[in-house]
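Protein chains: 2
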Amino acid sequence: MKFSTEELIKGIQSGDKRLIAKAITLVESKKDEHRNQAEDLLKEIMPFTGKSIRVGITGVPGAGKSTFIENFGRIAISNGKKVAVLAIDPSSAINKGSILGDKTRMEELAKEENAFIRPSPSSGFLGGVANTTFETMMICEAAGYDYILIETVGVGQSEVLVNDITDVFLFLKIIGGGDELQGIKRGIMEMVDVIFINKVEESNLQKAKNTRLELKRALDFIPSKEKDWKVPILLGSALNNEGLYEVFEKISEFIDLKKKTGRFETVRIQQSEKRFEYWVQEYILTMMKKDQSLEAAYAEHKKNASARISNPSTEAKLFVDKFLSKD
Amino acid sequence: MKFSTEELIKGIQSGDKRLIAKAITLVESKKDEHRNQAEDLLKEIMPFTGKSIRVGITGVPGAGKSTFIENFGRIAISNGKKVAVLAIDPSSAINKGSILGDKTRMEELAKEENAFIRPSPSSGFLGGVANTTFETMMICEAAGYDYILIETVGVGQSEVLVNDITDVFLFLKIIGGGDELQGIKRGIMEMVDVIFINKVEESNLQKAKNTRLELKRALDFIPSKEKDWKVPILLGSALNNEGLYEVFEKISEFIDLKKKTGRFETVRIQQSEKRFEYWVQEYILTMMKKDQSLEAAYAEHKKNASARISNPSTEAKLFVDKFLSKD
Numbered sequence: 001m002k003f004s005t006e007e008l009i010k011g012i013q014s015g016d017k018r019l020i021a022k023a024i025t026l027v028e029s030k031k032d033e034h035r036n037q038a039e040d041l042l043k044e045i046m047p048f049t050g051k052s053i054r055v056g057i058t059g060v061p062g063a064g065k066s067t068f069i070e071n072f073g074r075i076a077i078s079n080g081k082k083v084a085v086l087a088i089d090p091s092s093a094i095n096k097g098s099i100l101g102d103k104t105r106m107e108e109l110a111k112e113e114n115a116f117i118r119p120s121p122s123s124g125f126l127g128g129v130a131n132t133t134f135e136t137m138m139i140c141e142a143a144g145y146d147y148i149l150i151e152t153v154g155v156g157q158s159e160v161l162v163n164d165i166t167d168v169f170l171f172l173k174i175i176g177g178g179d180e181l182q183g184i185k186r187g188i189m190e191m192v193d194v195i196f197i198n199k200v201e202e203s204n205l206q207k208a209k210n211t212r213l214e215l216k217r218a219l220d221f222i223p224s225k226e227k228d229w230k231v232p233i234l235l236g237s238a239l240n241n242e243g244l245y246e247v248f249e250k251i252s253e254f255i256d257l258k259k260k261t262g263r264f265e266t267v268r269i270q271q272s273e274k275r276f277e278y279w280v281q282e283y284i285l286t287m288m289k290k291d292q293s294l295e296a297a298y299a300e301h302k303k304n305a306s307a308r309i310s311n312p313s314t315e316a317k318l319f320v321d322k323f324l325s326k327d
Numbered sequence: 001m002k003f004s005t006e007e008l009i010k011g012i013q014s015g016d017k018r019l020i021a022k023a024i025t026l027v028e029s030k031k032d033e034h035r036n037q038a039e040d041l042l043k044e045i046m047p048f049t050g051k052s053i054r055v056g057i058t059g060v061p062g063a064g065k066s067t068f069i070e071n072f073g074r075i076a077i078s079n080g081k082k083v084a085v086l087a088i089d090p091s092s093a094i095n096k097g098s099i100l101g102d103k104t105r106m107e108e109l110a111k112e113e114n115a116f117i118r119p120s121p122s123s124g125f126l127g128g129v130a131n132t133t134f135e136t137m138m139i140c141e142a143a144g145y146d147y148i149l150i151e152t153v154g155v156g157q158s159e160v161l162v163n164d165i166t167d168v169f170l171f172l173k174i175i176g177g178g179d180e181l182q183g184i185k186r187g188i189m190e191m192v193d194v195i196f197i198n199k200v201e202e203s204n205l206q207k208a209k210n211t212r213l214e215l216k217r218a219l220d221f222i223p224s225k226e227k228d229w230k231v232p233i234l235l236g237s238a239l240n241n242e243g244l245y246e247v248f249e250k251i252s253e254f255i256d257l258k259k260k261t262g263r264f265e266t267v268r269i270q271q272s273e274k275r276f277e278y279w280v281q282e283y284i285l286t287m288m289k290k291d292q293s294l295e296a297a298y299a300e301h302k303k304n305a306s307a308r309i310s311n312p313s314t315e316a317k318l319f320v321d322k323f324l325s326k327d
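In the order they appear, the protein sequences are chains A and W.
Letter 175 of the first sequence, counting from 1, is numbered 175 in the working numbering, and no numbers are missing.
Letter 56 of the second sequence, counting from 1, is numbered 56 in the working numbering, and no numbers are missing.
Excised from the complex, chain A in its bound form:
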């Protein structure tokens, strides 16, 4: 990295978008020297983080997430907030371009002085993309962004990852029920805090209301994440700027409730602990992958386990013994 940690921190704090982007590239890197510098940087900015509202946003492709984020972001800005847009995409290698790949999708928001849009990390690493959205978020917070909107395409584990780093989880739904719902990722209904039925117009209002009723029934079967919070199901049109302010208000209401009950802080502490555990595994994995013979051994023992050559715990022990006897 041709920028020093000091330069990057100064850039972050002065809101220099180019340097913010550079700092994010740094924390996304898996290279040893980058990780060291990244840790230095994160340590320094730590005191300036944690003050934003972290919003996770999900929905099937075609639900209108980009349009929603664009217009919702502008509402937040017109209410005096600074907005950063990030994406989580653990399988970006497969779904290249499907998520924030094309910055121009949010042209209007991108023009705003108080908006920062970051496409998802583009490269995989030995089959896995490092999940550094949390650290990217820290940088945005240190740069003074009040709302961090994190988009997910709803593939693989992405919702769980988003849920693990946000304060409120928003689900964008389009009209329809039954089969069409097959597109919904398992478990999503149990993570949502606010639902927005998008693309509602005069002509399909009744259908939208039916969808709301169906969703309500489904929610009856699912315990609420937060006590005293009934997941609201709002109707509107992101394209026509209808119903977005209501979402903005509901999010504020939800955050207020969580702060009042102490859940806001409790959940953030749990999230930090999870991040710690995640990184312990990540760093141990990195150490493993540094050594090609170890990486091959991992793959081999795993294959032996799945081919039932021997049982999984035996194969695991053989591997761990190899790993820890190495230097």
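If you're looking for bench data, these hints aren't it; they were derived computationally from the structure.
Worth double-checking, as some hints may not be accurate.
It does not matter which identical chain is meant; a pair holds if it fits inside one copy or across any two.
[Stated by the list, open to error] Okay, derived cross-link-like pairs now, DSSO-like style, lysine-lysine, Cα gap no bigger than 27 Å in a straight line: (1) K302 x K260; (2) K250 x K51; (3) K259 x K274; (4) K51 x K260; (5) K302 x K259; (6) K302 x K225; (7) K51 x K303; (8) K290 x K302; (9) K303 x K225; (10) K260 x K303; (11) K43 x K322.
On the provided structure of chain A, position chain W as indicated by the hints.
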């Protein structure tokens, strides 16, 4: 362990319940010498495992799981099968006695020559119970049991753990809807393959049918785990032995379908891989905990992360560096 690996294997293969129990105690142990012997044992019995039908069973306390297992087990036995009953209970320290704690709960089944009942592991280990139900299952399979019934109380992560080691997941439901459903663990509806509404009698038949309708609606919102399988919702009474044979048939039907589509084998391979990953973590954790200073360091760095003294990834790196520089 005062029994040699050979004695235990011989005992398992001859169906000696006392020695089967001893072997299970061995694989449940976290002591170094026990783990070594356990791995030897598991390696030897490996070729004789994998042939059972593995059934996960869940439901809120009061759903009648014990009675169901007792009478369902006897039906399987009367159809020429050998049945083993296990329990997963990752939080047994908290819920002591709530799950298979009292063997006498299944008096009639316990008397059967072709049944083996194993209470859940009773002791915690530094805050976590080793999850060795998979390995216990291997022992039961090597001993010739055709059906392994695994009960879970539905606390914490237990359903996910059960789902990760079974072929079919059965959900016991009692009549009622709405509030009472709060007791259902998040995500459970998305794991079930067969639902049994228990405690149905003439007097509450209409209510039971309403519950079935509600469940059906809820299921409409949840993608089926297996293509071509519509989760059946059966009515009956475990106590009066009504509807249990239908469950037995539905399970067979489901297993046949999975075998036909190849999903049976595919899922089992995935499960083996997961077990391998689980044990890699477990053994690394064990190595960590062996060293008291490392264990203290882990707790301290985690606490620093959650107290926001520094960011989680920095704390994780500090810890991993300590861990890997040790011997």
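Now for the hints, and whether the structure bears them out:
no.	hint	in the structure
1	K302 x K260	between (47 Å within a copy, 26 Å between copies)
2	K250 x K51	within (19 Å within a copy, 53 Å between copies)
3	K259 x K274	within (20 Å within a copy, 37 Å between copies)
4	K51 x K260	within (16 Å within a copy, 54 Å between copies)
5	K302 x K259	between (44 Å within a copy, 23 Å between copies)
6	K302 x K225	between (36 Å within a copy, 25 Å between copies)
7	K51 x K303	between (45 Å within a copy, 20 Å between copies)
8	K290 x K302	both (18 Å within a copy, 25 Å between copies)
9	K303 x K225	between (38 Å within a copy, 25 Å between copies)
10	K260 x K303	between (50 Å within a copy, 24 Å between copies)
11	K43 x K322	between (33 Å within a copy, 18 Å between copies)
Taken one by one, the earlier hints all hold for this structure without exception.
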